[in-house]
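Start from the sequences, fold in the hints, and give me the full structure.
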Amino acid sequence: MSVFKLKVNNEIKEVNVAPDTPVLWVLRDHLQLYGAKYGCGIGQCGACTVLVDGVGTRSCMLPVSAAEGRDITTIEGLAEGDKLHPVQEAWLEHDVSQCGYCQSGQIMTAVGLLSKNPQPTDEEIEAAMNGHICRCGTYVRIRKAVKTASQKL
Amino acid sequence: MEDIIKTNYNRRSFLKVSAAAGGGLMLGFNWLAGCVPAAKEKTSVAIPDEWYDINAFLKIGNNGVVTIFSPNPEIGQNVKTAMPMIVAEELDVDWSQVVVEQAPLDAAKYRRQVAGGSQSIRQGWQSLRMAGATARRMLMEAAAQKWQVPVEELTTQAGSVIHETSGRQAGYGELADLAATLEVPAEVALKDPKDFSIIGHSTKNVDGPKIVRGEPLYGLDYYEEGMLTAMIIHPPAFGIRPGKVDDSAARNMPGIKDIFVINSKPASAPDQWQKTFAFPEMVAIVGDSTWQVMQAKRAVRVEWERVSPGISTSDYRNDLTALLEVEPAKPARLDGNPEQAFARAAKVVESSYSAPYLAHNTLEPMNFFARVTPDKAELIGPVQTPERLWKTTAEVLDMPLEKVSVQMTRQGGGFGRRLYGHFGVEAAVIAQRTGKPIKLIYSREDDMTYGTYRPAYKVKYRAALDANNRLIGFHVRGAGTHGSPVFANRFPAGAVDNYLAENHNLDSNISTGAWRAPRSNFIAGAEQAFLDEVAEAAGQDPVAFRLTLFERAINNPVGSDNDYDAQRYAGVIRLVAEKAGWGKETPGVYRGFAAYYCHNSYVAEIVDVVMKNAQPQVQKVWCAIDCGIVVNPDAARNQVEGGIVDGIGHAMFSAMTFIEGEPLQKNFDTYRMIRMKEAPREIEVFFVDNGIDPTGLGEPALPPVQGALANALYRATGRRYYHQPFMMPNSELGMALS
Ligand code: FES
Ligand code: FES
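Residue numbers (the working numbering), protein chains in the order written: chain Z, 1 to 153; chain A, 1001 to 1738.
Calculated from the structure, these hints are not laboratory results. The model shown is predicted, which means the values in this text are computed figures rather than measured ones. From the three backbone atoms N, C-alpha and C, an ideal C-beta is built for every residue, glycine too. Please note: incorrect hints may appear among the correct ones.
Partner residues are not named here, just some residues of chain Z that face chain A (Cβ under 7 Å, in silico) [said to hold, decoys possible]:
#1 V3
#2 T21
#3 L31
#4 Y34
#5 C40
#6 Q44
#7 C45
#8 T73
#9 I75
#10 D95
#11 G100
#12 S104
Simulated crosslink set (PhoX-like; lysine-lysine; CA at most 20 Å straight-line) [stated by the list, open to error]:
#13 Z/K152 / Z/K116
#14 A/K1204 / Z/K83
#15 A/K1257 / A/K1297
#16 A/K1391 / A/K1109
#17 A/K1620 / Z/K147
#18 Z/K144 / A/K1204
#19 Z/K116 / Z/K144
#20 A/K1666 / A/K1612
#21 A/K1620 / Z/K144
#22 A/K1376 / A/K1403
#23 Z/K83 / A/K1210
#24 Z/K147 / A/K1677
#25 A/K1666 / A/K1620
#26 A/K1403 / A/K1109
#27 A/K1677 / Z/K144
#28 A/K1204 / A/K1244
#29 A/K1620 / A/K1579
#30 Z/K116 / Z/K147
Encoded structure:
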């Protein structure tokens, strides 16, 4: 066990965990931030996605030891108070969620994509979102919501 | 015109309801308040000072805010929005004044708190409407008393009672205290569906804002101070049990509190769960945090003992094939003389279809929270059958029912997997033994390899055509690893003079259960692909061919116990054909058609496939569905879209396979799920507007799309797709997939 200082949603947090602990479990078990979800633990489903230095990253694959000194944004850090991020707004506009479990990961990847590429083509949207599994099959709406968000940005 | 309907509620049942549900207690059900800092709990309506319980489904605040309790488990089918919409409609309240809460399990207050069989809305329809209508009536009677006017002179509008003649008006909040003391009316007037202002109007998911903010809603997110994490090691294969357990290395790892073997199978497992306690004995590991427990799990050494045969995929595939050559002792249905019909046929078409075991793979793996003390057991988590979990837990813990409670969280998918709440029982057993509150978490691997799988199926069809290409004989023989997939009385039964349906069952120790649209999820695709072949052999258009059969079923049906309404069936077929412009050819677009009836609803679908880099890609799906009144149209479209994507994905890519009882697919690297690139670009949904009471919606869109897809693939590639998953070489299915 060692102490790690993490910058999460612009706050410095200290946790005392094993160095190989994935950021996903640090967020959920130690910081009580439940927005990043556990779906597979092997980087296949995208449910655990957070932004690390602005880039969509699978937090189940990122050991805490490699996350120190980097800027972590979770879905809890997207909105500014009552003001939702345009991607969150677009998700509500299209009422994308069914069970909703995959959606926070999908939203974080979309935010990461649009921050680098505000006007993605269909192919670019697909390439970015293809790492996610939505078991409920909301892909048609996710595609629309990403487009709507890109218009809002 | 108003329908007068008997309420089925009597004074006593409501009195009981009110007594059991004091305002304070009701508020206490919002368990999330315990783990979400108060500042984050933002509601768009003001919290009233005082709540008045009107009935089990709703309470009204003194400021007019209405809390509606959604009785059924929310697994993504959106009943948590739709069920309260129905109550609000009859109550006549503005939706913006409604707060929705998940009702706790209470078998005395609510009927059928189950998510399964696409029945929540269908079976809840009358009681939800009555709950709203009786409450409205009680508010009107309260106003009549206050104002000393006849109740017949009163009307309601958006949360107010109005006396037009005197110009008086009072909000529900002002009347609720008096209304809560009144008799529940024995009869109540329901609205004419023409006057609906909430039902039939798209309303956003009530949990949507919390979902996009990543708030803790799901079982896996449940947290309370002092809670420990538990995980299990279940046998890695069907047919084995744990023998000697060596936990010496794991025990001393950081954060590990205890390791022990549990047996959570009740002596009287309900029938439905009998086979799903596939692994009654397993190793439990309890510790401080998930990662620590995951590490310790790997360090436990278990010697496994064989108790029944280890079955491989090649075994049951061969057995199913062999069974289809055997004539069963008695048919499931026999009309006319099929043998003669086949003997005099000008043409006989014969084909076999098969599909593998499938895992449910809800994206939120199985989990449950439990706290068990000598005088109470509290369970919180995602389950589709909370009542059954409640009773089974009481039995296994040997506690009286009153001391056991189950509360439902939002659920990260169900698809049938959470009908089998053994994981809740396991959590309770672990908590009892540990003496501390625990949250049991299945890893993805635990989840995928602990099946209540969709069974493996195989079916053989034969059709006899006469010299005029009329269908004169039809024979279906089906077999599955948990019963036959054939529904003997569904179409084309009733439309063919000589008809024979036969069933076989293949026993297996690989556990199976309900998986979204059980049996239909295979047989619809097979049947609809076969009918496409038959239409082709008859030289007829596939849509026209089916409509001819339905004409027969409408005008002169064969037999009397046909499951379906041929008019409504033909209705969706005509609708989708018209909307999609069936018959007009677009170069490079290959079309397939299918229709099916299940869960009391009728669906017809057209799939458009294009070839992209020599790979088939579903471009668009057209769907017409007759499911009666649609409560929440946009959310209903979402369900249909999901069913279509789900059906296409599993038919194309997914399979569970086994070697000596061991599931070879353990996570999403080897179990292939459909992703965005493979999903249809566009889905268009058309609802039949017929004013009939609502029927199933969560399941019926899935089954036929597999047939429409197979038929479109045939036109795109020139070959028929008989064996799922279509995109996996059939030969691979029986082999290890690395
Ligand atoms: S949980 Fe990280 S990718 Fe699935
Ligand atoms: S909405 Fe359920 S997994 Fe995506």
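Hints, one by one, checked against the model:
1. Interface restraint check for Z/V3: the shortest CB-CB distance to chain A comes to about 14 Å, outside 7 Å, so the restraint is violated.
2. A least Cβ separation of about 5 Å between Z/T21 and chain A falls short of the 7 Å threshold, and the interface hint therefore holds.
3. Among the interface hints, the one on Z/L31 is violated; its C-beta lies about 11 Å from the nearest C-beta in chain A, farther than the 7 Å criterion.
4. Against a cut-off of 7 Å between C-beta atoms, the interface hint on Z/Y34 holds, since the closest Cβ of chain A lies about 4 Å away.
5. Given the 7 Å rule on beta carbons, the hint for Z/C40 holds: about 5 Å separates it from the nearest Cβ of chain A.
6. Interface restraint check: Z/Q44 against chain A, minimum CB-CB distance 4 Å, threshold 7 Å, status holds.
7. The restraint placing Z/C45 at the interface with chain A holds, with a minimum CB-CB distance near 6 Å, inside the 7 Å limit.
8. The restraint placing Z/T73 at the interface with chain A is violated, with a minimum CB-CB distance near 11 Å, outside the 7 Å limit.
9. For the restraint placing Z/I75 at the interface with chain A, the shortest Cβ-Cβ distance is roughly 3 Å, inside the 7 Å limit, so the hint holds.
10. Evaluation of the Z/D95 hint against chain A yields a held restraint, the C-beta minimum of about 5 Å falling below 7 Å.
11. Taken as an interface hint, Z/G100 checks out: its beta carbon lies about 4 Å from the nearest beta carbon of chain A, inside 7 Å.
12. A cut of 7 Å between beta carbons decides the hint on Z/S104: the least distance to chain A is about 4 Å, and the hint holds.
13. Restraint check for Z/K152 and Z/K116: satisfied, since their Cα atoms lie roughly 15 Å apart, inside the 20 Å limit.
14. For the given pair, A/K1204 sits about 18 Å from Z/K83 by alpha-carbon distance, which is consistent with the 20 Å threshold.
15. Our distance criterion of 20 Å between C-alpha atoms is met by A/K1257 and A/K1297, whose separation comes to about 12 Å.
16. Taking the CA atoms of A/K1391 and A/K1109, the gap is near 16 Å; set against the 20 Å cutoff, the hint holds.
17. This hinted pair checks out: A/K1620 and Z/K147 have alpha carbons roughly 18 Å apart, not beyond 20 Å.
18. A hinted pair counts as satisfied when its Cα atoms are at most 20 Å apart, and Z/K144 with A/K1204 qualifies at roughly 16 Å.
19. Of the pairs offered as hints, the one joining Z/K116 and Z/K144 holds, with about 19 Å between alpha carbons and a cut-off of 20 Å not exceeded.
20. Among the hinted pairs, A/K1666 with A/K1612 is inconsistent with the structure: their alpha-carbon atoms are about 30 Å apart, more than 20 Å.
21. For the hint pairing A/K1620 with Z/K144, the CA-to-CA distance comes to about 15 Å; that is within 20 Å, so the pair holds.
22. For the proposed pair A/K1376 and A/K1403, the alpha carbon gap of about 5 Å is at most 20 Å, so the pair holds.
23. Using a Cα cut-off of 20 Å, the hinted pair Z/K83 and A/K1210 holds, with the two alpha carbons roughly 13 Å apart.
24. The suggested pairing of Z/K147 with A/K1677 holds, with an alpha-carbon distance near 16 Å, which does not exceed 20 Å.
25. Distance check on the hinted pair: A/K1666 and A/K1620 sit about 32 Å apart at the alpha-carbon level, beyond 20 Å; violated.
26. Using a Cα cut-off of 20 Å, the hinted pair A/K1403 and A/K1109 holds, with the two alpha carbons roughly 17 Å apart.
27. Between the alpha carbons of A/K1677 and Z/K144 the distance comes to roughly 14 Å, so the proposed pair stays at or under 20 Å and holds.
28. The suggested pairing of A/K1204 with A/K1244 is violated, with an alpha-carbon distance near 53 Å, which exceeds 20 Å.
29. The hinted pair formed by A/K1620 and A/K1579 meets the criterion: a straight-line CA distance of about 13 Å does not exceed 20 Å.
30. At most 20 Å may separate the alpha-carbon atoms for a hinted pair to count; Z/K116 and Z/K147 meet this at roughly 14 Å.
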